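**Student:** Taken in order, these protein sequences are the chains called A and B. Residues in the first sequence are numbered consecutively from 0, following numbering that gives the first Met the number 0. Residues in the second sequence are numbered consecutively from 0, following numbering that gives the first Met the number 0.
Don't take every hint at face value.
Below, in silico cross-link-like pairs of lysine to any residue (SDA-like), each with a Cα-Cα straight-line distance of 20 Å or less [what the hints assert, rightly or not]: (1) B:245 <-> A:58; (2) B:63 <-> A:47; (3) B:154 <-> B:323.
Keep in mind the hints are simulated off the structure, nothing from the lab. Quick caveat: nothing in here was measured; it's all calculated off a predicted structure.
In case you want the letters, here they are:
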Amino acid sequence: MQTFPCPFCGPRDETEFHFAVEADHPRPENAPSDLEWAAYLYAVDAPQGPAREIWLHIPCGEYFVMSRNTRTRDVTASEALR
Amino acid sequence: MKYSAFTLAREALRGQSGWQPAWVKAKPRDAYDAVIVGGGGHGLATAYYLAKTHGLTRVAVLEKGWIGGGNTGRNTTVIRSNYFYPESVALYDLALRLYEGLSRELNYNIMLSQRGMLIAAHTPAQMEICNRIANAMQLNGVDGRLMEADEAADKVPLANQGARVRYKLMGGIWQGRAGVARHDAVAWGYARAASALGVDIIEGCEVSDIRIEAGRVSGIETNLGPIRTDRLGLAAAGATPGLAAKVGVRLPIHTYALQAFVSEPVKPILDTVLLYLGTGTYLSQSDKGELVIGGGLDRVPTHGQHGNLPAQEQVLSGLLEMFPSFGQLKLLRQWGGVVDVVPDSSPILGPAGPKGLYLNCGWGTGGFKAIPAGGTLLAHMLATGAHHPISKPFDLDRFRTGRLIDEAAGSGIAH
C-alpha cells in the first residue's frame with residue numbers, strides 16, 4: 000500500500016485519494032474553435048515519467064497538485080492549489 | 000511448413016527434428032510500403048491482413064520488446080461481443096466472427112473455446128440493466144439473452160448460493176458464443192501467417208521519432224536506424240500517446256494498470272466465463288485447471304507494468320464473494336499491463352495528424368477480444384487511405400463532434 004501526501008492532512012493511504020485531471024491545461028481564451036475546445040476537454044499528455052496531476056483527497060475534500068513519476072510511482076511533491 | 004495431424008505424426012516418428020521456427024526474426028530494411036508500430040495482437044493482425052487481404056507485403060511490424068509481450072500476453076483471454084451500441088456490436092462481433100474461423104485461417108490452433116459467458120446480476124437494478132443490454136444485443140443481431148436465476152445457478156453450481164448469502168443470484172446475461180482463446184497463440188499465429196506472406200517482424204526495435212515531409216509521414220527513426228515509409232500505423236496501446244505526441248497529436252487517453260491473477264490448478268469447477276456486475280470481478284478456468292481472474296483498473300495513472308495492492312484487494316474480495324470456497328486457494332501469479340483508457344470506453348480508430356498516419360488504440364481493458372477486427376480495420380485504412388464503415392464511428396473526430404460511443408454507460412464497463 001502506498002501513501003500519498005495531502006498538503007492539508009499529511010501522508011495518508013492511497014485509497015483516500017482520487018485522480019482528477021492532469022495539471023497545467025489552461026482554459027482556452029477568446030473564442031476557441033471546436034477542435035481547441037475538444038482538446039481542452041479531452042486531450043491529455045499521459046507522460047511517461049515525471050507528471051503534474053490534480054488529485055482529490057476525499058476525506059478533507061481538497062484538490063491539490065501532486066508531482067509523481069508515472070513509471071516508478073514515486074511522489075516528489077504535493078502542493079495546495081491556492 | 001503446414002501444421003497438420005500428418006506433420007505431427009511425421010515429426011513424432013523422426014524425433015521432432017524437422018520443425019522450423021514459426022516466423023522469421025527480421026532485420027529492418029531501408030524502406031517499406033507500410034510500417035506498424037506495436038507487435039501485439041493488433042499490430043501483427045494488421046500486418047497479416049495487409050498482406051492477405053490487400054496484397055501489401057513490403058510491410059514491417061516493429062516491437063520494442065518481444066511480440067505478444069505487452070497486453071496481448073497479459074490479459075485474461077476473454078472473447079465476447081455483449082456491448083450496447085450498434086457501432087460497438089458491429090466492431091466486436093466482427094472480431095468474434097473472425098475469431099471463430101481463425102485457427103483454420105491461420106493454420107494455427109488458437110484454442111478458441113466458446114464456453115459461454117454469464118454476466119451475473121444480484122440486485123433488481125442490475126437485472127434491469129441486464130435486460131436492457133440483452134435486448135440491445137438482440138436488436139443488434141447478436142446471440143445474447145436474459146437468463147433467469149435457476150438456469151444461471153445451474154451454469155455456476157459452485158457460486159455462493161447458501162441460505163445466508165447476502166446477495167442472491169437473480170440471473171443475468173448469457174452469450175453462448177463468448178469464451179476464451181489462448182492469447183499467446185493469437186499473437187504467434189498472426190506472426191507466423193504474416194511472416195509466411197513476407198512481412199518483416201522486427202523485435203527489439205523502438206521508435207524514437209516520426210519524420211514528416213510536406214504534411215505526410217515520410218519515415219521513422221528507431222534504435223536500429225531510420226526506416227522510410229509513407230504509411231504508418233500505431234497499435235501500441237499505452238505507448239501510443241507518447242508516439243502520437245512526436246507529431247503534435249494529443250489523445251484523450253489515460254494510462255492505467257490493469258491486473259490479472261492466476262491460481263494454482265484445481266479440478267474442473269467452472270466451465271463458463273463468469274462476471275459479477277456488482278463487484279466487477281470475473282474469472283474462467285484454463286485448460287490446465289488454473290483460475291484466471293480479473294477485475295477493475297488500478298485508480299492511479301501509470302506507465303509501469305505492475306499493479307497496486309488496493310486493486311488486488313478489491314478483485315480478490317470480489318472473488319470470495321462469488322466463491323467463498325476459494326478462501327483456501329493459492330495464487331500462483333499476479334501481473335499488470337498498461338491499458339489505454341478513453342473517456343467513452345471505446346477505441347480510437349482512424350487517421351490523425353500528418354497524412355499517412357493511422358491509429359488503432361484506446362482499447363482500454365478490452366483489446367484482446369477485438370484483435371481480428373482491429374487488424375482488419377487498421378489494414379483497411381493503411382491500404383486504402385480511407386475508413387472502413389465499421390471503423391468510421393470510432394474516429395478521433397468524435398471528441399470534436401460530441402458523437403461519443405459511451406460503452407461505460409451503455410454496457411457498464413468498469414472504468
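**Student:** Are the Cα atoms of residue 154 of chain B and residue 323 of chain B separated by 20 Å or less?
**Tutor:** 17 Å, holds
**Student:** Checking one constraint from the list: CA of residue 245 of chain B to CA of residue 58 of chain A, max 20 Å. Satisfied?
**Tutor:** Distance of about 39 Å is beyond 20 Å: violated.
**Student:** Mind checking the alpha carbons of residue 63 of chain B and residue 47 of chain A for me, to see if they're no more than 20 Å apart?
**Tutor:** It holds: about 15 Å lies between the C-alpha atoms, which stays within 20 Å.
Checked against the numbered hints given earlier, the structure breaks only hint 1 and satisfies all the rest.
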